[in-house]
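Letter by letter, the chains look like this.
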Amino acid sequence: MSHTTMQAGGPPASRRSERTARQLSGARNGRLLLWAATLLLFATLLLQVLEVSGVVSMGLVSWRPLLFAYLIWAGALCAAQVMIRGEDGQRAAFVLPAVLFTVAMVVFPTVFGLYIAFTDWNLSAAAGRQFNGLDNLRSLFADVYFWNALLNMVYYVLAVLVQYAIAFGLALLLNAEIKARKFFRVAFLLPLMLSPVAVSWMIGKSLMEYRFGPAATLARHLGWDNPAFFSTPWLARTSIMAMDAWVSIPFMMILLLAGLQALPSEIKEAAKVDGASGWQSFKEITFPLMLPVSMTVIILRIIFQLKLADIVINVTAGGPGGATDTVSSFIFREYRDRSNVGYGTMLAEFYLVIIIIFVALILKGASRWMQRDN
Amino acid sequence: MATHVETSTTRPSLWSRRPQFLTTSLLIYAALVFWAFVSLFPIYWTITTSFKTAVNVTQGHLIPFVDFMPDWKGWRSLGLSPDTIFAQSTVRDEFIRRFFNSIVASAGASFLAVIIGSLAAYGLSRFSYKFLWMKNKDISFFFLSQLILPPVVLAMPFLVLYKHLMLLDTLIGLVLVYTLMVLPIVIWIMRDQFDTIPVELEQAALVDGCSIWGAFLRIVLPIALPGMVAAFILSVILCWNEYFFAALLTSSNAKTLPVMVASQTGSQGINWWSMAAIATAAIMPLILVGIFLERYIVKGLTAGAVK
Numbered sequence: 001m002s003h004t005t006m007q008a009g010g011p012p013a014s015r016r017s018e019r020t021a022r023q024l025s026g027a028r029n030g031r032l033l034l035w036a037a038t039l040l041l042f043a044t045l046l047l048q049v050l051e052v053s054g055v056v057s058m059g060l061v062s063w064r065p066l067l068f069a070y071l072i073w074a075g076a077l078c079a080a081q082v083m084i085r086g087e088d089g090q091r092a093a094f095v096l097p098a099v100l101f102t103v104a105m106v107v108f109p110t111v112f113g114l115y116i117a118f119t120d121w122n123l124s125a126a127a128g129r130q131f132n133g134l135d136n137l138r139s140l141f142a143d144v145y146f147w148n149a150l151l152n153m154v155y156y157v158l159a160v161l162v163q164y165a166i167a168f169g170l171a172l173l174l175n176a177e178i179k180a181r182k183f184f185r186v187a188f189l190l191p192l193m194l195s196p197v198a199v200s201w202m203i204g205k206s207l208m209e210y211r212f213g214p215a216a217t218l219a220r221h222l223g224w225d226n227p228a229f230f231s232t233p234w235l236a237r238t239s240i241m242a243m244d245a246w247v248s249i250p251f252m253m254i255l256l257l258a259g260l261q262a263l264p265s266e267i268k269e270a271a272k273v274d275g276a277s278g279w280q281s282f283k284e285i286t287f288p289l290m291l292p293v294s295m296t297v298i299i300l301r302i303i304f305q306l307k308l309a310d311i312v313i314n315v316t317a318g319g320p321g322g323a324t325d326t327v328s329s330f331i332f333r334e335y336r337d338r339s340n341v342g343y344g345t346m347l348a349e350f351y352l353v354i355i356i357i358f359v360a361l362i363l364k365g366a367s368r369w370m371q372r373d374n
Numbered sequence: 001m002a003t004h005v006e007t008s009t010t011r012p013s014l015w016s017r018r019p020q021f022l023t024t025s026l027l028i029y030a031a032l033v034f035w036a037f038v039s040l041f042p043i044y045w046t047i048t049t050s051f052k053t054a055v056n057v058t059q060g061h062l063i064p065f066v067d068f069m070p071d072w073k074g075w076r077s078l079g080l081s082p083d084t085i086f087a088q089s090t091v092r093d094e095f096i097r098r099f100f101n102s103i104v105a106s107a108g109a110s111f112l113a114v115i116i117g118s119l120a121a122y123g124l125s126r127f128s129y130k131f132l133w134m135k136n137k138d139i140s141f142f143f144l145s146q147l148i149l150p151p152v153v154l155a156m157p158f159l160v161l162y163k164h165l166m167l168l169d170t171l172i173g174l175v176l177v178y179t180l181m182v183l184p185i186v187i188w189i190m191r192d193q194f195d196t197i198p199v200e201l202e203q204a205a206l207v208d209g210c211s212i213w214g215a216f217l218r219i220v221l222p223i224a225l226p227g228m229v230a231a232f233i234l235s236v237i238l239c240w241n242e243y244f245f246a247a248l249l250t251s252s253n254a255k256t257l258p259v260m261v262a263s264q265t266g267s268q269g270i271n272w273w274s275m276a277a278i279a280t281a282a283i284m285p286l287i288l289v290g291i292f293l294e295r296y297i298v299k300g301l302t303a304g305a306v307k
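As given, the protein sequences belong to chains D and Y, one line each in that order. Residues in the first sequence are numbered consecutively from 1, following full-length UniProt numbering. Residues in the second sequence are numbered consecutively from 1, following full-length UniProt numbering.
Since the hints were made in silico from the structure, they are not lab data. These numbers come from a predicted model, not from an experiment. Any given hint might turn out to be false.
[To be verified] In silico DMTMM-like links for lysine to aspartate or glutamate, alpha-carbon gap of 20 Å or less: (1) Y:Lys163 to D:Asp88; (2) Y:Lys137 to Y:Asp195; (3) Y:Lys135 to D:Glu87; (4) Y:Lys130 to D:Asp88; (5) Y:Lys135 to Y:Asp195; (6) Y:Lys163 to D:Glu51; (7) D:Lys307 to D:Glu284; (8) D:Lys283 to D:Glu266; (9) D:Lys364 to Y:Asp138; (10) Y:Lys137 to D:Asp88; (11) Y:Lys130 to D:Glu87; (12) D:Lys272 to D:Glu284; (13) Y:Lys137 to Y:Glu94.
[Stated by the list, open to error] Chain Y residues, not near chain D, derived (Cβ > 12 Å throughout): (14) Arg76; (15) Arg97; (16) Val229.
[What the hints assert, rightly or not] Label-pair distances were calculated between CB atoms; the ranges are: (17) Y:Ser128 to D:Arg138: 46 to 52 Å; (18) Y:Thr196 to D:Asp143: 38 to 44 Å; (19) D:Phe183 to Y:Val55: 29 to 35 Å; (20) Y:Ser128 to D:Asp143: 46 to 52 Å; (21) D:Ala262 to Y:Leu40: 23 to 29 Å; (22) Y:Thr196 to D:Gly321: 49 to 55 Å; (23) Y:Gly209 to D:Lys364: 45 to 51 Å; (24) D:Arg211 to Y:Leu40: 20 to 26 Å; (25) D:Ala262 to Y:Phe41: 38 to 44 Å; (26) Y:Leu147 to D:Arg211: 25 to 31 Å; (27) Y:Asp195 to D:Leu222: 48 to 54 Å; (28) Y:Leu27 to D:Val154: 30 to 36 Å.
Think of the CB as a built atom: it goes at the ideal place given N, C-alpha and C, for glycine as much as any other residue.
Here chain D stands alone, though its shape is the one from the complex (with noise of 0.2 Å):
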């Protein structure tokens, strides 16, 4: 897996020949350990699908044997390694524990969920899972509130452009010279702390809330006689566009901010001395400079903002008639409240086809932008 780029100085020669006899038995033990635990771990997935299918019965409850196993076998792919390839292994242990982590926590799912994209199962119907080819992807494209769903992730994902305006701007006041910078920093930081959960009720349900909440009370007296944030779609969507942008902002600031205390200070006073205007310099110095961090801090946040789901589910639980929904959030419901497993997932697998596209579309628009500007 791996080829040298740290020369380590080599052992002295008397030692060399032993250690290549030592290397030499250690590698025959080695290939032993892993034949046994890959032997090991295809007799449990044998006996287990024997198990289900009700060949032979041992009284095994559950998947969990084979879990063990593959756990075993892992930690005998790490040893093995080390022990045939020394010090290449050395360095193949380093990454191996988080690749084997990764692939069986994500890669196995994504292939089992995309089986279960293609059935029709609904936990609360008897009838259980049943194969129905393309049926879940035909009743996809006729599912006008998951297209309404998709259309408002295309509005949040743009409201992530105001919200870096936002913070590019608090970024700037905070690296102006002020006085208690520290204190400023802790109380723009303190939203990103909270959980979207709580904050659903501490804005969402109680500052927002139509009878007593502050907020209303206050645009009350401002000579909004109805107040109601979450009546008519675009106010719901504002709303809760305003609740996101509360706790993320102050993201996108941090590292703006960290982009703003990098640059070189030279310039900035070689500009004043030229005379040029605060915001001239802002324009042709400043902004020009912090394309990078903007560029990443953009796909970071949009990155993000396609899993937002928490504050919408409990906030308007999508409404009013689906005007607030996300994506994540329409196929919580789907899975929670309807316990429709099969076509969930489809949308779910159909919704990150979309994600990689775009996220790709992007990350490639974004480097070649980049270059085009060297």
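Chain D is already provided as a structure; the job is to place chain Y on it using the hints.
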């Protein structure tokens, strides 16, 4: 974060050179105070509401001791007020169990993720791997690309899988999912950390007869410890706030705090003071973390993203 460049010596010249300096700085402070208010008011509101009675809520009283007299009502319903703290309280027991679950799930997952994530990050930062067609860049991308994966894609397969593995509604199951969730972030942060540590240190140790793992454990790890702490704290925050998987994969035994908060919002109508008390208790640990460990959070957030 770097300290700022302006020193007091430049200030007098600015005072004299720019007549509009005063207004500019006034505007800056106004904006700062405004946003600090936006950031802090919801938190202030939640904490004070937990000490209100129904009248104070409906009449919109805001300032304790001036507008209204604080009352332990909200905390009493949670069993955490001074007069109920030693009495039996099922709500408190429930709350403490959820609190404990949240701690175990987030700390366990962060610990696991920091261990295997740091190992992988070190490997990717120091050695060049080749596995089939995948080189270091591809392996890194493989890990980072997990960030894109939305929880909904994994939720159902995990539900089915966990049911068969008897991991549904267990803390171990939750820890495994959370580890998966924060692993890419940990690898990202730690790779950046290891990249800044000079290779010469390990080379010297290798010449002295250390093995590769020995050099890593004895030389590199102590230097990288602050970075690991930053990664750990960031992971704990992310796991503590996680709602989606917890809502789907746990029911009675391993339910975490966010799920409890969410279920209370739905069921209790407008019982604001007790909701506020629960919300306050749920966010308080994070607010303390935010105030006292802000340095580490900023370090973790900015690692890798800003060069």
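A quick look at each hint next to the structure:
no.	hint	verdict
1	Y:Lys163 to D:Asp88	39 Å, violated
2	Y:Lys137 to Y:Asp195	14 Å, holds
3	Y:Lys135 to D:Glu87	18 Å, holds
4	Y:Lys130 to D:Asp88	11 Å, holds
5	Y:Lys135 to Y:Asp195	17 Å, holds
6	Y:Lys163 to D:Glu51	16 Å, holds
7	D:Lys307 to D:Glu284	35 Å, violated
8	D:Lys283 to D:Glu266	17 Å, holds
9	D:Lys364 to Y:Asp138	16 Å, holds
10	Y:Lys137 to D:Asp88	19 Å, holds
11	Y:Lys130 to D:Glu87	15 Å, holds
12	D:Lys272 to D:Glu284	12 Å, holds
13	Y:Lys137 to Y:Glu94	47 Å, violated
14	Arg76	19 Å, holds
15	Arg97	17 Å, holds
16	Val229	17 Å, holds
17	Y:Ser128 to D:Arg138: 46 to 52 Å	47 Å, holds
18	Y:Thr196 to D:Asp143: 38 to 44 Å	49 Å, violated
19	D:Phe183 to Y:Val55: 29 to 35 Å	34 Å, holds
20	Y:Ser128 to D:Asp143: 46 to 52 Å	47 Å, holds
21	D:Ala262 to Y:Leu40: 23 to 29 Å	28 Å, holds
22	Y:Thr196 to D:Gly321: 49 to 55 Å	52 Å, holds
23	Y:Gly209 to D:Lys364: 45 to 51 Å	48 Å, holds
24	D:Arg211 to Y:Leu40: 20 to 26 Å	24 Å, holds
25	D:Ala262 to Y:Phe41: 38 to 44 Å	32 Å, violated
26	Y:Leu147 to D:Arg211: 25 to 31 Å	41 Å, violated
27	Y:Asp195 to D:Leu222: 48 to 54 Å	52 Å, holds
28	Y:Leu27 to D:Val154: 30 to 36 Å	35 Å, holds
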